[in-house]
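In case you want the letters, here they are:
There are 2 protein chains.
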Amino acid sequence: MKGFKFAGIYAGIKKNGPRDLGLIFCDKPATAAALFTKNRVVAAPVILGKKTIKRGVCQAVLVNSGNANCFTGSQGLLDARATAAMVAKEFNIPEDLVMVSSTGVIGAPLPMDRFKSGVPRLKEEIGLKNKIPTGSLEDFAQAILTTDTCQKIVREKGSIETPQGPKAVSIMGIAKGSGMIRPDMATMLAYVLTDADLTATDLHQALLAANERSFNRITVDGDTSTNDTLLCLASGEGPACIRDDAGLTVFQNLLEKVCLKLGKMIVKDGEGATKVIQITVRGGKTQEDAFKAAEAIAHSNLVKTAIYGEDPNWGRITAAAGRSGAFVDPDKMDLYFEKIPLVLKGCWLGQAAEKKAAQVMKAPEINIVLDLNLGDKTDRFLFCDFSENYVKINADYRS
Amino acid sequence: MKGFKFAGIYAGIKKNGPRDLGLIFCDKPATAAALFTKNRVVAAPVILGKKTIKRGVCQAVLVNSGNANCFTGSQGLLDARATAAMVAKEFNIPEDLVMVSSTGVIGAPLPMDRFKSGVPRLKEEIGLKNKIPTGSLEDFAQAILTTDTCQKIVREKGSIETPQGPKAVSIMGIAKGSGMIRPDMATMLAYVLTDADLTATDLHQALLAANERSFNRITVDGDTSTNDTLLCLASGEGPACIRDDAGLTVFQNLLEKVCLKLGKMIVKDGEGATKVIQITVRGGKTQEDAFKAAEAIAHSNLVKTAIYGEDPNWGRITAAAGRSGAFVDPDKMDLYFEKIPLVLKGCWLGQAAEKKAAQVMKAPEINIVLDLNLGDKTDRFLFCDFSENYVKINADYRS
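Chains as they are written, first to last, in my numbering: chain Y, 1 to 399; chain Z, 1 to 399.
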């Protein structure tokens, strides 16, 4: 996308490559908005980022994997600042236009020497001063990964009406996330870039709304990361999106689409995951009831292991709804696996229905619908199943 | 213990034995108190049991494993009543003196024919009418198990001062529970028997208090069963425990001891568990803060898998406290593995300390202490680690 440059290199922060240090550079300062983790234990780059983002403008984003710079005390905050300063100096821009993110192991001090040697190399890759850029979006997308098994890039295009006729608007997202994923803000690192032209306030509002319906509705393992950051940069090279105007709605919808797709990619790449499940709870008496029931089902280890075993274990699903705190009446519940009803008005439909549902479970993506039949509120969650590999990955993570 | 008889047989409810139907019979109607699951999806025997227990008296307890009689609609409730009626008829006692419990697969109808043939056999085992009893406590303890790998029986004795001098009081507990274990009431089946002589109200109060500090502080997998029941029967054959008297305090302490031991046995036998961990959170500003932080740590899959990997991953422990909703300040936290400090005032003590902590992790039972250093409130949870076997057990449970 015009206005943004990317780089990703191996700086030696991770034990092994291929890449662990990435940079997004904007030709001009971009309008910026960001959301951060709600975990009270927050990483140094999040503390710093919350301050930096206040002005609503950003030109460079430095991201490292392999080290979260979390639980590193006052030294960690000094280190985060120092890395921002390195980028500012190298690119000759003000320090408060640089956002930094870190992801990886908690508690280890940031290896500053790797940044010192790495940042100038990032500049070479970005290829400023009429040099041909050698860095790529894919390099950046790879540099931010930890236990992820694949890069996560999403692109969307739309059209916005302007006084000069329809004008194309582009939006693109890059994310990482595989474990420590639970909806409480963003639960991962995600960078969304657009050429749209809008104010920082409108961008922030749009990001809040999109996040609530996408990243705040996914879960891998129920643990909230200390480093979660969702950052959106708008270069303004494209069409203007003005408040109370159709243009802003177009932008909002595109933004939500990108966030939803990134969220799904994260769940699909969940540690040890073999299936992606969407649980829709409808017929809730209140919105909170629908949310609570969907959240409890998406987080239930018993539901997740049953799905891994391709077992349409409706007892565990209804039991999770029952303990969720939501108002439910077992005798009113309907439960569907895709279009196959397995429970209607609290009655199990028997072995034949269960066999059909078991067939559905063999698919890599499964829609489950629980109708509480108590009202008209709906909520949904995206989650993954739970395999032996999740345990293997997380028992050995630091060794 | 005097006043109680036991039996346990294989009635053919489970696919395979050794036992699946058990009975506790009291020589005389016993004072009774019970606590049940808080899950809104409740099994038929729980619905029935809540009514039966209201009078505070009970003479027989029928328990089956292999079928939870949950999500079985109005037929399930009729079936539960019918099984209570079978016991009442066979033993010639009023129906409302019979409590029934079921545990096992959710959703399948109760196989009534197995009960019809099984209940008379239980009577033979109990050996009433001057016959020698052939049933045993161990048979009963085995009949109530599902995925448990061992029987769970605890015995305690104490002494109560009476006008006639000190008198021995006995208390005994039998429990089952291995999966779908999460503290929200009792999360398992547990039967506590005593020869103490006390009122139903006092027994209920004592049970509430003991439960809060024992079963409500354990977790295996965070899922709350639909069938949880904790039932306490007091034969009154032993010493009187009168309110506002030291005797009731002695009884209360014994009861709590039995519940704590049973709770620990359940955690130790947690599905796939290899270690038992006690997390103590102290220095909480409020009791709720201490509770929330301890609960979040005990439920974190990342913490549980790290412990399985014998990794003193303090980052995951502090991060779980951070997302718990408790008020915490990372810069004030101390963290100990047994007596080994690994974090003091938010600072990691380095590789040497971590190596010592890693040694501690090799033990089958581990004490972890997180001091929030923000007040004087303490809470604790007992939990198990999380292995590949948990996934295996629960992916294949119904197949």
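Don't take each hint at face value.
No distinction is drawn between identical chains; accordingly, a pair holds when it is met within one copy or between any pair of copies.
With a Cα cut of at most 30 Å, we get these calculated DSS-like pairs of lysine-lysine [claimed, not checked]:
no.: 1; residue 1: Lys-355; residue 2: Lys-89
no.: 2; residue 1: Lys-392; residue 2: Lys-339
no.: 3; residue 1: Lys-392; residue 2: Lys-264
no.: 4; residue 1: Lys-38; residue 2: Lys-285
no.: 5; residue 1: Lys-268; residue 2: Lys-392
no.: 6; residue 1: Lys-15; residue 2: Lys-362
no.: 7; residue 1: Lys-268; residue 2: Lys-157
no.: 8; residue 1: Lys-345; residue 2: Lys-50
no.: 9; residue 1: Lys-332; residue 2: Lys-50
no.: 10; residue 1: Lys-50; residue 2: Lys-355
no.: 11; residue 1: Lys-356; residue 2: Lys-54
no.: 12; residue 1: Lys-392; residue 2: Lys-362
no.: 13; residue 1: Lys-123; residue 2: Lys-268
no.: 14; residue 1: Lys-50; residue 2: Lys-362
no.: 15; residue 1: Lys-54; residue 2: Lys-332
no.: 16; residue 1: Lys-50; residue 2: Lys-392
no.: 17; residue 1: Lys-355; residue 2: Lys-54
no.: 18; residue 1: Lys-38; residue 2: Lys-257
no.: 19; residue 1: Lys-51; residue 2: Lys-285
Since the hints were derived computationally from the structure, they do not count as laboratory data.
> How would you classify Lys-332 and Lys-50 at a CA-CA limit of 30 Å: within, between, both, or neither?
Replying inline: Cα proximity of Lys-332 and Lys-50: across copies only (22 Å, versus 46 Å in one copy).
> Given identical chains, is Lys-51 near Lys-285, meaning Cα to Cα at most 30 Å, within a copy, between copies, both, or neither?
Replying inline: So Lys-51 and Lys-285 pass the 30 Å test across copies only (28 Å; inside, 40 Å).
>> For Lys-50 and Lys-392, with the copy left unspecified, which applies at a CA distance of at most 30 Å: within, between, both, or neither?
In response: Neither: 35 Å inside a copy, 43 Å across copies.
> Is it within, between, both, or neither for Lys-268 and Lys-392, if the alpha carbons may be no more than 30 Å apart?
Replying inline: Answer is both: 18 Å inside a copy and 21 Å across each meet the 30 Å cutoff.
> How do Lys-392 and Lys-339 come out at 30 Å by Cα distance, when the copy is not named: within, between, both, or neither?
Replying inline: between (34 Å within a copy, 28 Å between copies)
>> Checking an output row: Lys-38 and Lys-257, CA cutoff 30 Å. Within, between, both or neither?
In response: For Lys-38 and Lys-257, the Cα distance is within 30 Å only inside one copy (23 Å; across copies 39 Å).
>> My question is about Lys-345 and Lys-50: at a cut-off of 30 Å on alpha-carbon distance, are they close within one copy, between copies, both, or neither?
In response: between (49 Å within a copy, 24 Å between copies)
>> My question is about Lys-54 and Lys-332: at a cut-off of 30 Å on alpha-carbon distance, are they close within one copy, between copies, both, or neither?
In response: between (49 Å within a copy, 27 Å between copies)
> 30 Å Cα cut-off: does Lys-50 pair with Lys-362 within a copy, between copies, both or neither?
Replying inline: Neither: 44 Å inside a copy, 40 Å across copies.
> Is it within, between, both, or neither for Lys-38 and Lys-285, if the alpha carbons may be no more than 30 Å apart?
Replying inline: For Lys-38 and Lys-285, both the intra-copy (28 Å) and inter-copy (20 Å) Cα distances are at most 30 Å.
>> Within, between, both or neither: how does the pair Lys-268, Lys-157 come out at a Cα-Cα threshold of 30 Å?
In response: Answer is within; shortest intra-copy Cα gap is 23 Å, inter-copy 55 Å.
>> If the cut is 30 Å between Cα atoms, do Lys-50 and Lys-355 qualify within a copy, between copies, both or neither?
In response: So Lys-50 and Lys-355 fail the 30 Å test inside a copy (52 Å) and across (35 Å) alike.
Of the hints listed earlier, those the structure fails to meet are numbers 1, 10, 11, 13, 14, 16, 17, in rising order.
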